[in-house]
Amino acid sequence: MKKAPAAPEGSSYAARVQPVEAAGFQTWLVEDYAVPLVAFDFAFSSGSSQDPDGKEGAVAMLATLFDEGAGSLDSEAFHQALDDKAIEISFSADRDLLHGRLKTLTRHIDAAFGLLRAALVEPRLDPDAIERMRAQMTANLKREAKDPDALVGRAWRETAFPNHPYGRAARGTLDSLPRIERSDLVGLRERMSTRASVAAAAVGAIDAERLARLVEGVFAPLPATSALVSVPDVNLAGMGQRKLIDLDVPQATIRFGLPGLARHDPDYMAAVVVNHVLGGGVFSARLFKEVREKRGLAYSVHSQLVTHAHAGFFSGGTSTKNERAAESLAVIEEEIEKLASEGPSADELDKAKKYLIGSYALRFDTSTKIASHLVHLQSEGFPVDYLDRRNQEIANVTLEDTRRVAKRLFSQKKLLVAVAGRPEGL
Amino acid sequence: MAHFRLANGLEGVVIPDHRAPVVTHMIWYRNGSADDPQGKSGIAHFLEHLMFKGTKAHKQGHFSELVAELGGQENAFTSNDYTAYFQRVPKEHLGVLMEYEADRMKNLVLSDEVVAPERVQAALFAHHPYGTPIIGWEHEIEKLDRLDALAYYDRFYTPENAILVVAGDVGLDEVRSLAEDSYGRIPARGEPPRRARPQEPEPRAHRLVTLADDKVEQPSQQRVYLVPSYATAAPGGAEALEVLAHLLGGGPTSRLYKSLVMDRKIAVAAGAYYMGASLDQTRFWVYALPAPGVTLEALDAAVGEVIDEVARHGVAEDELTRAKTRLIADAVYAQDSQAALARWYGAALTTGSQVSDVQQWPARIDASTAQQVQEAARTWLAKPRAVTGFLLPEGEEDEGAANLEAASAHA
Numbered sequence: 002m003k004k005a006p007a008a009p010e011g012s013s014y015a016a017r018v019q020p021v022e023a024a025g026f027q028t029w030l031v032e033d034y035a036v037p038l039v040a041f042d043f044a045f046s047s048g049s050s051q052d053p054d055g056k057e058g059a060v061a062m063l064a065t066l067f068d069e070g071a072g073s074l075d076s077e078a079f080h081q082a083l084d085d086k087a088i089e090i091s092f093s094a095d096r097d098l099l100h101g102r103l104k105t106l107t108r109h110i111d112a113a114f115g116l117l118r119a120a121l122v123e124p125r126l127d128p129d130a131i132e133r134m135r136a137q138m139t140a141n142l143k144r145e146a147k148d149p150d151a152l153v154g155r156a157w158r159e160t161a162f163p164n165h166p167y168g169r170a171a172r173g174t175l176d177s178l179p180r181i182e183r184s185d186l187v188g189l190r191e192r193m194s195t196r197a198s199v200a201a202a203a204v205g206a207i208d209a210e211r212l213a214r215l216v217e218g219v220f221a222p223l224p225a226t227s228a229l230v231s232v233p234d235v236n237l238a239g240m241g242q243r244k245l246i247d248l249d250v251p252q253a254t255i256r257f258g259l260p261g262l263a264r265h266d267p268d269y270m271a272a273v274v275v276n277h278v279l280g281g282g283v284f285s286a287r288l289f290k291e292v293r294e295k296r297g298l299a300y301s302v303h304s305q306l307v308t309h310a311h312a313g314f315f316s317g318g319t320s321t322k323n324e325r326a327a328e329s330l331a332v333i334e335e336e337i338e339k340l341a342s343e344g345p346s347a348d349e350l351d352k353a354k355k356y357l358i359g360s361y362a363l364r365f366d367t368s369t370k371i372a373s374h375l376v377h378l379q380s381e382g383f384p385v386d387y388l389d390r391r392n393q394e395i396a397n398v399t400l401e402d403t404r405r406v407a408k409r410l411f412s413q414k415k416l417l418v419a420v421a422g423r424p425e426g427l
Numbered sequence: 067m068a069h070f071r072l073a074n075g076l077e078g079v080v081i082p083d084h085r086a087p088v089v090t091h092m093i094w095y096r097n098g099s100a101d102d103p104q105g106k107s108g109i110a111h112f113l114e115h116l117m118f119k120g121t122k123a124h125k126q127g128h129f130s131e132l133v134a135e136l137g138g139q140e141n142a143f144t145s146n147d148y149t150a151y152f153q154r155v156p157k158e159h160l161g162v163l164m165e166y167e168a169d170r171m172k173n174l175v176l177s178d179e180v181v182a183p184e185r186v187q188a189a190l191f192a193h194h195p196y197g198t199p200i201i202g203w204e205h206e207i208e209k210l211d212r213l214d215a216l217a218y219y220d221r222f223y224t225p226e227n228a229i230l231v232v233a234g235d236v237g238l239d240e241v242r243s244l245a246e247d248s249y250g251r252i253p254a255r256g257e258p259p260r261r262a263r264p265q266e267p268e269p270r271a272h273r274l275v276t277l278a279d280d281k282v283e284q285p286s287q288q289r290v291y292l293v294p295s296y297a298t299a300a301p302g303g304a305e306a307l308e309v310l311a312h313l314l315g316g317g318p319t320s321r322l323y324k325s326l327v328m329d330r331k332i333a334v335a336a337g338a339y340y341m342g343a344s345l346d347q348t349r350f351w352v353y354a355l356p357a358p359g360v361t362l363e364a365l366d367a368a369v370g371e372v373i374d375e376v377a378r379h380g381v382a383e384d385e386l387t388r389a390k391t392r393l394i395a396d397a398v399y400a401q402d403s404q405a406a407l408a409r410w411y412g413a414a415l416t417t418g419s420q421v422s423d424v425q426q427w428p429a430r431i432d433a434s435t436a437q438q439v440q441e442a443a444r445t446w447l448a449k450p451r452a453v454t455g456f457l458l459p460e461g462e463e464d465e466g467a468a469n470l471e472a473a474s475a476h477a
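Residue numbers (my numbering), protein chains in the order written: chain A, 2 to 427; chain B, 67 to 477.
Hint data in this document are derived by calculation from the structure and do not stem from the laboratory. Quick caveat, the model's predicted, so the values are computed rather than measured. One or more of the hints may lead you astray.
[Unchecked claim] These stretches of chain A come out as covered by chain B in the derived footprint (C-beta under 8 Å, 3 or more residues):
1) 49-57
2) 84-92
3) 333-339
[To be verified] Below, computed lysine-lysine pairings styled on PhoX-like, alpha-carbon distance capped at 25 Å:
4) A:LYS143 x B:LYS324
5) A:LYS143 x B:LYS331
6) B:LYS157 x A:LYS355
7) A:LYS322 x B:LYS209
8) B:LYS122 x A:LYS295
9) A:LYS290 x B:LYS449
10) A:LYS352 x B:LYS119
11) A:LYS352 x B:LYS122
12) B:LYS281 x A:LYS322
13) B:LYS324 x A:LYS147
14) B:LYS209 x A:LYS295
15) B:LYS449 x B:LYS331
16) A:LYS143 x B:LYS281
17) B:LYS119 x A:LYS295
18) A:LYS355 x B:LYS125
We treat Cβ as the ideally placed atom computed from N, Cα and C, and that holds for glycine.
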């Protein structure tokens with residue numbers, strides 16, 4: 002059995018990553034033979050923000066079609082070819098990236114990459130497959146038509162990013178889906194799946210040389226350049242606004258937010274710590290203690306920092322009885338204001354750093370999670386050694402940093418709020 | 067992997083995975099919502115919440131704060147047949163997790179002060195998507211009190227009724243030694259409680275449930291059959307149902323998808339699944355979402371035709387092989403995730419299976435024959451064994467009933 006390159010004792014994630022050059026980009030490889038499988042993840046740097054006007058959902062639809070027939074294999078034959086060998090190939094789109102994922106047993110590596118090549122280089126985009134995917138996306142939208150989470154999310158985004166792709170419905174609307182034509186999908190595919198900007202990672206039972214050959218085989222036939230619509234950077238709008246969606250349900254679902262930071266802003270890690278103190282997923286978070294523990298207003302309340310390629314924001318949410326929605330929002334606003342003016346305590350800072358540092362390892366315990374995380378880092382513009390620097394960056398955050406950044410994020414800012422339900426007093 | 071038993075009856079399973087310095091620590095109790103005493107529905111889930119309320123040594127919130135401080139994750143869940151508590155942390159902290167978990171197995175504080183507010187919260191969760199059956203009926207939850215909780219805790223939360231599953235960057239000796247030092251100090255109570263649930267009589271009549279609601283935009287059809295589980299089936303019987311579920315509705319190459327979505331285009335989605343890890347007889351689900359303009363009755367009839375086709379004419383070798391390949395590959399893919407493996411073993415051991423059953427599962431799946439799969443469809447997917455459900459927008463339910471009679475006449 003092959004042995005992977007050994008990592009130095011008790012240390013480095015980065016040392017286990019081999020950057021493999023092929024097809025004009027790097028694939029980050031973690032070679033490991035413990036389980037006889039390979040996970041390969043990649044992303045093209047373009048996403049649903051490329052949807053043509055009025056054709057929201059087109060990129061999401063394209064993503065569903067890569068595995069619905071390729072080359073000489075129609076949809077059924079392609080799925081059978083995958084299933085015959087338990088190969089998993091899937092695609093998805095988020096706002097900024099078009100993702101692909103492959104997972105295979107070692108004995109079927111060649112077949113798996115062969116099918117991936119077909120899907121990327123020669124997707125058929127057959128009319129009946131398009132109609133089938135359109136119908137599935139439509140059915141999903143219908144199921145969500147009265148779902149409070151979906152409604153409140155959409156209202157919030159539309160207000161936060163008017164006149165910008167980030168404010169549009171990435172999975173389409175009942176109006177836009179019928180307008181998408183095969184020529185739209187073909188055009189998007191030609192412009193978006195290229196070698197111009199690819200992040201990729203492989204984890205498992207494969208060596209660098211074989212990986213390079215397979216990646217070359219899959220991606221070399223793709224164009225070297227993209228013709229993407231440029232997406233401008235944008236700041237969150239709508240601060241201080243409250244959007245109400247009337248829904249006859251006993252609970253109010255609330256979404257709130259403020260402008261945030263770009264991923265490479267020098268204050269970003271301090272902001273991560275501040276957000277963790279406020280509404281990170283632990284029972285000691287301020288929002289959890291005040292909203293759930295003390296007042297029993299909600300089952301869960303949380304907040305997070307979001308960094309898209311062209312916007313950064315802070316957002317959070319909760320669900321509560323209609324009669325207590327106004328109170329819940331008031332408590333949240335009060336806690337944010339308190340944190341802005343006083344910052345975290347030394348004890349909170351200490352605990353937050355311990356959590357953020359200790360939890361990092363938990364991101365790397367399955368091949369698919371590792372591959373996904375490596376692609377994420379690459380697409381955000383980080384080098385491999387960031388894997389070893391990251392914990393130190395958290396450790397370096399001082400109390401003064403958090404006080405300053407809490408002010409920077411929250412002081413004197415009015416939340417953008419969206420609520421679905423029949424909240425009293427709002 | 068390794069298996070051991072402590073003197074007090076606690077069973078332990080160790081699943082090594084040295085690829086990341088992380089450990090998953092789980093304790094499973096052999097009791098779930100199906101073990102709720104008559105009139106006390108919701109008590110298993112209720113106890114799950116009470117387990118977070120603190121002990122004499124560690125006040126409420128200390129355990130969770132500890133896990134958070136270590137950068138870990140924790141959660142708990144109550145299912146029909148088991149209740150489980152787990153944490154994932156950097157591996158060097160396994161010992162302290164065992165100490166806390168063993169402490170709350172034995173020393174939970176169940177005063178009125180602690181129990182009463184939780185009843186209020188329990189009513190709040192009636193809106194949470196856990197689903198009413200496990201959570202209990204509202205009128206019964208409201209009556210659960212301290213004595214109920216204490217009686218349940220004393221009966222079910224004992225070392226002989228528990229299984230410890232530890233997966234990750236650990237070895238047998240280390241886990242066993244830490245377990246002796248923590249769980250090992252809890253005296254055994256005696257024999258684990260016998261789990262005697264009222265058994266479902268053999269179903270003799272098909273039932274139709276129609277629900278119409280103004281929040282439903284996308285109608286759907288479901289059918290659920292009462293079938294044997296891994297625990298109750300004859301040898302090979304559960305495996306045949308597992309293969310049948312995948313073949314009928316496990317993805318785009320399945321019979322239901324092919325016929326209803328691709329060929330006839332009367333559904334936008336269709337599938338099937340088998341809930342085999344169950345102590346008693348269990349559920350085999352089939353579902354479909356109609357394409358616009360297709361009635362649920364027509365869709366339901368088509369679902370029935372696909373199932374009947376398998377029952378009458380069996381399955382081809384290539385589709386059988388494909389289904390088996392997929393299921394066996396799932397076992398390999400599961401090795402990639404310490405948490406997934408831990409759950410697989412925990413669910414199996416609390417629903418009447420042994421460690422060796424889990425290990426030999428791929429071989430038993432591989433041994434399934436086309437004949438056994440056809441036999442399973444014929445015997446178990448018979449309409450009198452099923453409940454069919456139609457979920458409709460408000461106002462359409464009456465059309466449904468009338469159309470079904472007409473459709474049945476042609477079935």
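Legend entry - Given hint LYS355 of chain A paired with LYS157 of chain B - CA-CA distance at most 25 Å: The hint holds at about 15 Å.
Legend entry - 25 Å Cα cutoff - pair LYS322 of chain A, LYS209 of chain B: Within the cut-off at roughly 22 Å; holds.
Legend entry - Annotated coverage of the region 84-92 of chain A by chain B, confirmed only when three residues or more have a Cβ within 8 Å: holds (count 4)
Legend entry - Restraint status (C-alpha distance of LYS143 of chain A to LYS331 of chain B at most 25 Å): holds (18 Å)
Inset, instruction - Take a quick look at whether LYS352 of chain A and LYS119 of chain B sit within 25 Å of each other, Cα to Cα. - result: Within the cut-off at roughly 21 Å; holds.
Inset, instruction - Verify the coverage statement for the region 333-339 of chain A against chain B, using a C-beta to C-beta distance below 8 Å and requiring 3 or more qualifying residues. - result: violated (count 0)
Inset, instruction - Given the hint that LYS119 of chain B pairs with LYS295 of chain A, test it: the Cα-Cα distance must not exceed 25 Å. - result: holds (14 Å)
Inset, instruction - Please work out if LYS143 of chain A and LYS324 of chain B have their alpha carbons no farther apart than 25 Å. - result: holds (23 Å)
Inset, instruction - Closer than 8 Å, Cβ to Cβ, for at least three residues: run that test on the region 49-57 of chain A against chain B and report holds or violated. - result: violated (count 0)
Legend entry - Agreement of LYS290 of chain A and LYS449 of chain B with the hint, judged by alpha carbon distance not exceeding 25 Å: violated (51 Å)
Inset, instruction - Sort out whether LYS122 of chain B lies within 25 Å of LYS352 of chain A, counting only the CA atoms. - result: Distance ~24 Å between LYS352 of chain A and LYS122 of chain B Cα, so the pair holds.
Legend entry - 25 Å Cα cutoff - pair LYS449 of chain B, LYS331 of chain B: The hint holds at about 24 Å.
Figure legend: structure checked against the earlier numbered hints; hints not met, in rising order: 1, 3, 9, 13.
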